[in-house]
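S.K.: Full structure from sequences and hints, please.
From first to last, the protein sequence lines are chains A and B. Heads up: the first sequence runs through residues 0 to 243, numbered per numbering that gives the first Met the number 0. Heads up: the second sequence runs through residues 0 to 279, numbered per numbering that gives the first Met the number 0.
The set of hints was computed from the structure by calculation and includes no laboratory data. Fair warning: there could be bad hints in the mix.
Just so you have them, the derived chain A footprint on chain B, three or more residues with Cβ under 8 Å [said to hold, decoys possible]: (1) 4-14; (2) 239-251; (3) 257-266.
Going by beta-carbon spacing under 8 Å, a handful of chain A positions derived as facing chain B [to be verified]: (4) Leu-15; (5) His-16; (6) Thr-59; (7) Tyr-60; (8) Thr-74; (9) Glu-84; (10) Gln-85; (11) Ile-87; (12) Tyr-89; (13) Met-105; (14) Pro-106; (15) Arg-107; (16) Leu-119.
Beta carbons: idealized from backbone N, C-alpha and C, even for Gly.
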Amino acid sequence: MSARIECHHVTKTFELHQKETRTLRGCEDISFTVNPGEFAGITGKSGAGKSTILKTLYRTYLPTSGHMYYRSNSTGTIDLAQASEQEILYLRKNEIGYVSQFLKIMPRVTALETVMESLLEMGYSPGEARSEGSAMLYQFDLPEYLWDTYPDTFSGGEKLKLNLAKAMVKQPALLLLDEPTASLDEHSKAYVKHMIHQLKEAGTTMIGIFHDLTFMDTVVDKKYHMKEGKLTGTEEALELNRND
Amino acid sequence: MFDTIQHEPVLSVQHLSKRFGPGCSSCDEQKLPSNICAACGTIWACKDMTFDLFQGEILGIVGESGSGKSTLMRCLHFEQEATRGAVYMRDYDQRSTDTLTISRQEKQYIKDHVLGLVYQNPWEGLRMDFSSGGNIAEKLIAADYRHVRTIDQRAEELLEKVDIPIERMSECPRYFSGGMQQRVQISKALANQPPLLFLDEVTTGLDLSVQAKVLDLIRMLQREFHVSILIVSHDLSVIRMLADRTMVLKDGDIIETGLTDQILEDPQHPYTQLLVQSLI
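M.R.: Structure follows, in structure tokens:
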């Protein structure tokens, strides 16, 4: 398998046990392939099932059926749908990143520590983690006076930058992005775009959800559209963008 | 340490059950609809529990009161005798003997060298009329520390880690606030650097800011010493913050186990769904 990730007929439904049991659709019969260094963009209305795909790949959601073959740098090809919790925890620490619009912060952990923690759990020394973490915050243009403060006071854009920095500093093999530019100004978007290109060059595979279609067109290699839980079409983005 | 996927558990619990009461022919715990036998009134606090804890991981245990959380902890710490089942520990003998069947002396050896337990109530884990330093020394002596200098140094080091001023080392925990008592209790449990730590509702009833200090301490332990931790809490936000994986208990059964974010965002069992929906 040369692709980084191959989804075969992935379906996710939710069974809610309230007064009576109800079944909700998440996504249905999703199949796609993304290669190393490739970026796939997903578009569609809210509720179409875009985030469900990302969360299922990250195993925050348990897939109902289907296979998600992931080619790991260390363990060979593994079906994320069947992988053990220990395997998933390992991959999350070392190879697979996920960024949402919402920052899950640890209380009383500073911005710099948040990014350092990503590296410490991979086995970096505190010194290395500090220097690489600082370099990453610098690249994202997060003002230096914020590095030693607690992110719960940050603006939406600052939180998102920190979230991206935290995931990208690992140079993951697979990065899942749920609206990575949702609350960013044009200036910050330029930094994110730059980082995305750098990661792509280093071989990171990305799958991203976008509402900002103009931004998406500048970073993705292929696009998928979703409607009512299904992928309704694929389209290779302009060759031009690939060399952008 | 983090370079490999963990396949070998440090603690392996198999089919553990604990019964309070005489038991009878009709109360085979696996078929009871709840945890009380209608025929003889026997309570099954833990029913056929099987799970593994891995190196350096924090496993959260949630469930309402009476679900069997504390009984499980106490059985693993040999304070209550399990009715059936087996428990294997890597740091005792590479998981070759069922530790529930070994002699009282051997169990004491495990408590002195392999396990640390922190109780919800500091009165259970501390001698309130011994000095704080003395409490730690007691644990160290049990773990075969012999040099008075080393013991003093280690006690100072530990109390410093949990933010207890050195000048209060000779005071009795009786005169400390609840939060300080809890931190002394944690430092006592850690004194002999146990590879396995059991935490039973350690933040319950503490002020928010003190709670935060205790949580920081737990995260530091995991990061710096790679201790494997079982943490019981009915507070889902504590579990969300700390646990890699979470186990949900109800009426003595493990009804669901999963990655913590999966348990919170995609709970499968009706009871877990109810629990998560109740989160404010």
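S.K.: Out of the numbered hints, which ones does the structure contradict?
M.R.: Failing hints: none at all.
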